[in-house]
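A.B. asks: Residues per chain are reported as follows:
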Amino acid sequence: MSTVLDHSAQTGLAASLKNVSKSYKHFQLKQIDLELQRGTVVGLIGPNGAGKSTTMRILMGLVNPDSGSVSALGKPISSREAAAKQEIGFFSDDMRLYQPESIGWHMQFVRSLYPTWDDQYAHELLDRFGLIERQAVKGLSQGQRVKSMLLLVLARRPQLLVLDEPTNGLDPVAKHEVLTELMSVVKDESRTILYSSHNTQDVEQISDQIIFIDRGRVIAADDRDVFLERWKRIKLHVPDGWRSPSVAGLKLESEFKQLRVFSLNQFQPEVPARLAASGATVEAVESMTLEEIFISTVMRGREEAGL
Amino acid sequence: MNTQAIGILFLKDLFLSRRHLFAYFAAGMVSSVLTCIPDSTVSFVGFLLMITVAIAAGIHLIGTLLLGESLGQTRMFVMSLPVSLLDYSLGKIAVVLTTYLVPWTAMLVCCTICTFVLPWAKHGSAIVLPLVFLFLLCGFTIQLVTAVVTESLGWTICVMVAGNVLLNVFLMKVMSLPEIVAAKQSDVLMWPPIVVQILVVESLIIIGGLTAALFFQTRKRDLI
Chain A
0 MSTVLDHSAQ TGLAASLKNV SKSYKHFQLK QIDLELQRGT VVGLIGPNGA
50 GKSTTMRILM GLVNPDSGSV SALGKPISSR EAAAKQEIGF FSDDMRLYQP
100 ESIGWHMQFV RSLYPTWDDQ YAHELLDRFG LIERQAVKGL SQGQRVKSML
150 LLVLARRPQL LVLDEPTNGL DPVAKHEVLT ELMSVVKDES RTILYSSHNT
200 QDVEQISDQI IFIDRGRVIA ADDRDVFLER WKRIKLHVPD GWRSPSVAGL
250 KLESEFKQLR VFSLNQFQPE VPARLAASGA TVEAVESMTL EEIFISTVMR
300 GREEAGL
Chain D
0 MNTQAIGILF LKDLFLSRRH LFAYFAAGMV SSVLTCIPDS TVSFVGFLLM
50 ITVAIAAGIH LIGTLLLGES LGQTRMFVMS LPVSLLDYSL GKIAVVLTTY
100 LVPWTAMLVC CTICTFVLPW AKHGSAIVLP LVFLFLLCGF TIQLVTAVVT
150 ESLGWTICVM VAGNVLLNVF LMKVMSLPEI VAAKQSDVLM WPPIVVQILV
200 VESLIIIGGL TAALFFQTRK RDLI
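Protein chains in written order, with numbering that gives the first Met the number 0: chain A, 0 to 306; chain D, 0 to 223.
This list has only true hints and no planted wrong ones.
If you want a taste of the chain D side facing chain A, the calculated C-beta under 7 angstroms gives, among others:
# : residue
1 : 73
2 : 80
3 : 81
4 : 84
Stretch by stretch, here's where chain D covers chain A in the computed footprint (C-beta under 8 angstroms, at least three residues):
# : region
5 : 58-64
6 : 70-83
7 : 91-97
8 : 108-120
For the record, the hints were derived by calculation from the structure and aren't laboratory data.
These numbers come from a predicted model, not from an experiment.
Note that CB positions come from ideal geometry on N, CA and C, so glycine has one too.
Modelling step: build the complete structure from the supplied sequences, incorporating the hints.
C.D. replies: In structure tokens form, the structure reads like this:
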């Protein structure tokens, strides 16, 4: 599936993956095509094991694809190339810092590799995140560890941020602090964020665009608002022997006696009238949450694939 | 290749291993001094300690600096920085080798000096030192290749154990060669052809091992 995300206010690509595939013994990433426009926040949503982390690691050159090409900020990406990484900040929940060393030591180490390191901003983040510069990593809580790593990423002022599950395991306050900081980062319109999570609420909060990925395939991609506008839940009260009219994207989710609940992924204003004309009473047309849309998309995709 | 990045990675690992480095250096010095004491039991204990320090330092440094980065998931952090696989590999193999060579060189130099300075030591016995120390370095480089290829501490330990057994066979066979026995007893340092041949073979294994380690490390497709 080809996924080209447009953003009218932007020009140029921040990153692209073309026809990227990668096979492991028990998992395959299949022909991923992604183009991230500069200045957008793209949420990558998928269940555990869907291929989010593999996609991000390929984008960072940590994993080499079996086929396809990858570039970021106009430069090729592979394990043999380092140039693009000067302007990319990568965070992964699986990433660890050196346990015996302090946050300050890590700041010094990262600063030595980045001419763009902003020391003042780094110290602002230390204060904002409530971190202590001389504290050793081994004594940090999960939230402090995540914040420390984000500090090391953000203080480089990267043009592209690749964040793999950055809010995983955080308490609500820590999550709020992290998301608030990310929101302030995207005020700079030239910066792009690719953000993965299986928590749709986090993604919905900060993303302009959404990509759904399941079992190694991109199954849907669009602007967040388009997703929310197109997907509706329709509740109908139907007479005996009622037959559903042909409406593109309409799928029965549940039924109880005369009540039918449908999900619709191509909602048009005239759809309720068409359903009413078929003899049904439209009880409600409701918006769906991103989580509900995600689940419906995954289940429809699996049904179509016969899984 | 980014020499600045390689230098930074090298210094980072050198700093992280500073405590181990000091400990192995100190243990190496103590064991070499014991080797030079004119009491056969103490000197033998010193020799055993020296071999133990060399083997333990090798496996420990490979475990912490090379395999530990993968097992502890810090490699992902390092590789997310602007370093290429070649930069990472060169920095890593250089630092593992350097940290090993610190106690190795200290022990070799200390024993060599003792052989020439102490009045009861025969100068000819100094030929044993390069033979044994290059054998230890051979074992280390083969462990390094194993660690790079398998990324497994278990396999690396297996190779270390095999190397340890081979060291005993080496000592038993080589040290009983008539040319070497004669050279050891001499008051003058001599280099019989067999010794030179063994040293050349050991050197070639070391160079081959380091080249293979770098080759396999830089050919890795996935780093995590």
